[in-house]
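Chains as they are written, first to last, in my numbering: chain A, 411 to 841; chain B, 43 to 324; chain C, 1475 to 1784.
Check before you lean on any hint, since a few could be wrong.
Simulated DEER-style distance windows between Cβ atoms [to be verified]:
{"#": "1", "chain 1": "B", "residue 1": "Gly83", "chain 2": "C", "residue 2": "Phe1579", "range": "28 to 38 Å"}
{"#": "2", "chain 1": "C", "residue 1": "Ile1554", "chain 2": "A", "residue 2": "Thr724", "range": "44 to 54 Å"}
{"#": "3", "chain 1": "B", "residue 1": "Gly83", "chain 2": "A", "residue 2": "Gly611", "range": "27 to 37 Å"}
{"#": "4", "chain 1": "B", "residue 1": "His52", "chain 2": "A", "residue 2": "Trp815", "range": "46 to 56 Å"}
{"#": "5", "chain 1": "B", "residue 1": "Asp45", "chain 2": "C", "residue 2": "Arg1658", "range": "33 to 43 Å"}
{"#": "6", "chain 1": "B", "residue 1": "Asp273", "chain 2": "A", "residue 2": "Gly611", "range": "36 to 46 Å"}
Just so you know, the hints here were simulated from the structure itself, not pulled from any lab data. Fair warning: this is a prediction, and the values are worked out from it, not measured in the lab. In this text, a Cβ means the ideal position worked out from N, Cα and C, and glycines have one as well.
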Amino acid sequence: MAAHPEPAPRIDVVAALKEAGLAALVALGLAIPLVGFQTVERIDGLGIDTRFGWVAVAVAAVFAGRLLLIFVQGSRHWGSRPKRRFVRLGENTKSHLRIVGMIGLAFGLAMPLLPFADRYYVDLGTTVLIYVMLGWGLNIVVGLAGLLDLGYVAFYAIGAYSFALFAIHFDVSFWAALPVAGILAAFLGVLLGFPVLRLRGDYLAIVTLGFGEIIRIILLNWYDFTGGPNGLSGIPRPSFFGLEFSRGEGGFAATFGLDYSPMHRLIFLYYVILVLALITNLFTLRIRRLPVGRAWEALREDEIACRALGINPTITKLSAFAIGAMFGGFAGAFFATRQGFISPESFTFLESALILAVVVLGGMGSQTGVVIAALFLVLLPEFARELAQFRMLLFGGAMVLIMIWRPRGLLAHREPTVRLSDGPPAAEQSA
Amino acid sequence: MTDPLLRVEHLTMRFGGLVAVDDLEFEAAPGEITAIIGPNGAGKTTVFNCLTGFYPPTVGRLTLSNPRKGRFLLEQMDGDRIAREAGVARTFQNIRLFSRMSVLENLMVAQHTELMRASVFSIAGLLGLPSFTRAERQAIELSRYWLHRMRLEDRAEWEAGNLPYGAQRRLEIARAMCTKPALLCLDEPAAGLNPRESAELNEILLDIRRDHGVGILLIEHDMSVVMGISDHIVVLDYGRKIADGAPEAIRNDPAVIRAYLGTDEEEELPEEVAQDLPRGMQ
Amino acid sequence: MRGAGGMEYFLQQLINGLTLGAIYGLIAIGYTMVYGIIGMINFAHGEIFMIGAFVSLISFLVLGTIGLTWIPLALLIVLITAMLFTSIYGWAIERIAYRPLRGSFRLAPLISAIGMSIFLQNYVQILQGARVKPLQPVITGGFVVADSGDFTVVLSYLQIIIMATTLALMIGFWAVITRTPFGRSQRACQQDRLMAGLVGINVDRTISLTFVTGAALAAVAGLLVTLYYGVIDFFIGFLAGLKAFTAAVLGGIGSLPGAMLGGLLIGLIEAFWAAYFDSEYKDVAAFSILVLVLIFKPTGLLGRPEVEKV
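Produce the entire structure from the sequences given, and follow the hints as far as they go.
Structure, rendered in structure tokens:
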């Protein structure tokens, strides 16, 4: 059904100029103190330099940009949203995303074996995959259940530290300690979640932020147990199911008749995190089709309606929180074994914010989106060195823009989890 | 003598200094349609909220006798327990669907409790055990039945928020019925419906009463619905019950008429209205 | 040594705590007013405070460069400058990041605020550098309140100024809220935004003004912090913001006297905890208070309970 083409909007040039002028004026006010002046360190203390050229540029850019926005949108309201279309769920973007996902998966599986993959790239890939797994884990809490958790890094930290302590003190291998790390993180999730999950969204966010900070400060100061600011080092690396990645007899290389190369362990680590991340993903896809996953999404949509249908909101939220925490714990354990060394510096609020940014920008609930956002996060500072310092600035700004422009994320689409065709065929139906 | 499905005794709800419901008493018989009517602000939705566990009543005893599950004191239970254990389902004045989930998914969420039981908190589902698959197919079948009944079958995969208004109302009722309740509480189900849709609603509710033996408690302003299908009407004004009886009696009750017209007790009724009243009541 | 000169030590902590608390209170007012009127937590408010501090610092440096060193005048100029420019930031943030989201889903403004907070931190970091910025002491000296031989209790002039300024602002602000049309509009919007609009109140403008006044007060706090601690960096907003938010919640979110009361309490708790227990864990004390209040008494000390409409 073709809609009537809308008549080209007549743009009131004078009004547009006035509006752009106002925006430029505001920009001037914003720019003068912090852009126009710069504090510089001099021998006798702090001095001041002027950068009025930058102010002029900023004001001009805002003026031009606002005009452009007005002409492009044809409307004078910042943040007008695209109209809703009546679509079957999952229709439009499904096929494209599936292809992208398949290609991504194939590439991810093959990457370390490709000719260009040296130490640098495999390492980079491993880092990307850690954030992908963290994003997928947080996605369960934020994307599916709609609980804004700003302290996710606490579970990451618990996983890392519990694994490190078990490995260092009790000589437990990575594979044995991994489930323990996850269980401890899940346990912490239940402990922290139980008193606070009935709070409203905003309050829950702040409280989880507080928890994250409390955990970090404890890790920083409990010197005897956690090594304080020095952290824990000497964390053993994983073995290939018993075979150490060492030179010489009995090592991985010798057993498989290969020349020793440090790449072997790196590639192994890459595949370990790949498998862990894929398990997280498959779990999410599966649980959405089950009652508990569906309850998470329903809770996100309307908690009051859920209560009226007999769903206990607290227990349901707790399950999402704990399971999300568990995957964070797994990722933490991996992080510890990959680095060989951990310290509280890796577990700041900034990390939580980064993981949240990955989930939000990817489209809350979208698995593929998380991958793309994680790629941006890790690769941007690598491939655009000049832009590295702008990374967080861009991410912060992007979060604001996404909320205004496309609150459901760039790639969010929702696949329904069940279809009528999944039911019994017509012959079986009762009258 | 069978227990009433719902017995409300001395129900009082106070918000600070405001008395929203004042010592209300009524009964709803099983398999009957009971309507609660009254001018705006009379406290009708507050009564619902007390019955369904959203507000704990200040005073009162709310006894639900579920023929299959036994007797429950609703004033002591949380909202989700009332729905899950006692078997009370409700719809809302401002429709509360899961807008971004599909029509079918909305109905599947309603069957959460049974599916969780069948899947042992979803674990059997994770493992793909046949007991869960069977339960899920049964749930889909029940959903299909209600979709068919509400003429939504061909829109099962639509995003619920995209349905037209009347369809959303029907979906909300279907969703409530999928919880297999003993008592169905409908908060202004006809609000915003045109006469044809209201007539269809009447049919749906009468069918529900006939086929499923469910008791229906109904808040409504639309008199074509109230008078058309109710077996029993309770009238509230300023939180107090001012009338209780069969539709015919209520229709002619002067206290009810006064409440709706807003005249004082002592004032004379307008000529046009007084003409219609039986002698002795003027 | 802790404990020596017990009474005097206690008194000093009291003074320090009240000073700190006054500053938290000023920031907390911004949180509580915004929450009261649009029901969202302005996560970026801590960064507004930080910007206020930076604008103050830069103003001092500029005045120093052009040779204006008479302190009372310099203070006045810096105060006005900081309040002015920081208010513009407050206004702009509301217009850009929050107003478009008024109809959106419940978490959208909060996520936007988090993004804005990250953006502003990095914005200042890039423009002014990541290192700490020191300022020559502007106001020095004080007088001895008590002296036990073991410990001397000092009340500095700066502390007096901080407390006096806060008191003056509180009284002025209270007068504005209760006596002026803006104050009435503010209170009306807080109670029922839709109705306020229907009776002719310009809701958008009231909300903007709320943000502006909150920012102005945070700017004063920023100025006072710059003077008091003598050193600032782009990250001070995060911690101060969290504590001020805790103060607002403790006092009762939406309540103006609650914000100040909460601020003073948090300041006192922080000062005493650091003095008598482990100063490393003083932040944990503040965060724990936040968690405990939200779990056990979410309406805080002076707030009114919210009834959920179904």
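Each hint tested on the structure:
Taking the beta carbon of each, Gly83(B) and Phe1579(C) are about 30 Å apart, inside 28 to 38 Å as hinted. Roughly 51 Å separates the CB atoms of Ile1554(C) and Thr724(A), a value that falls within the hinted 44 to 54 Å. At about 30 Å, the beta-carbon gap between Gly83(B) and Gly611(A) stays in the expected band of 27 to 37 Å. Distance hint check: the CB atoms of His52(B) and Trp815(A) are about 55 Å apart, consistent with the given range 46 to 56 Å.
The supplied range of 33 to 43 Å is broken by Asp45(B) and Arg1658(C), whose beta-carbon atoms lie about 55 Å from each other. Roughly 43 Å separates the CB atoms of Asp273(B) and Gly611(A), a value that falls within the hinted 36 to 46 Å.
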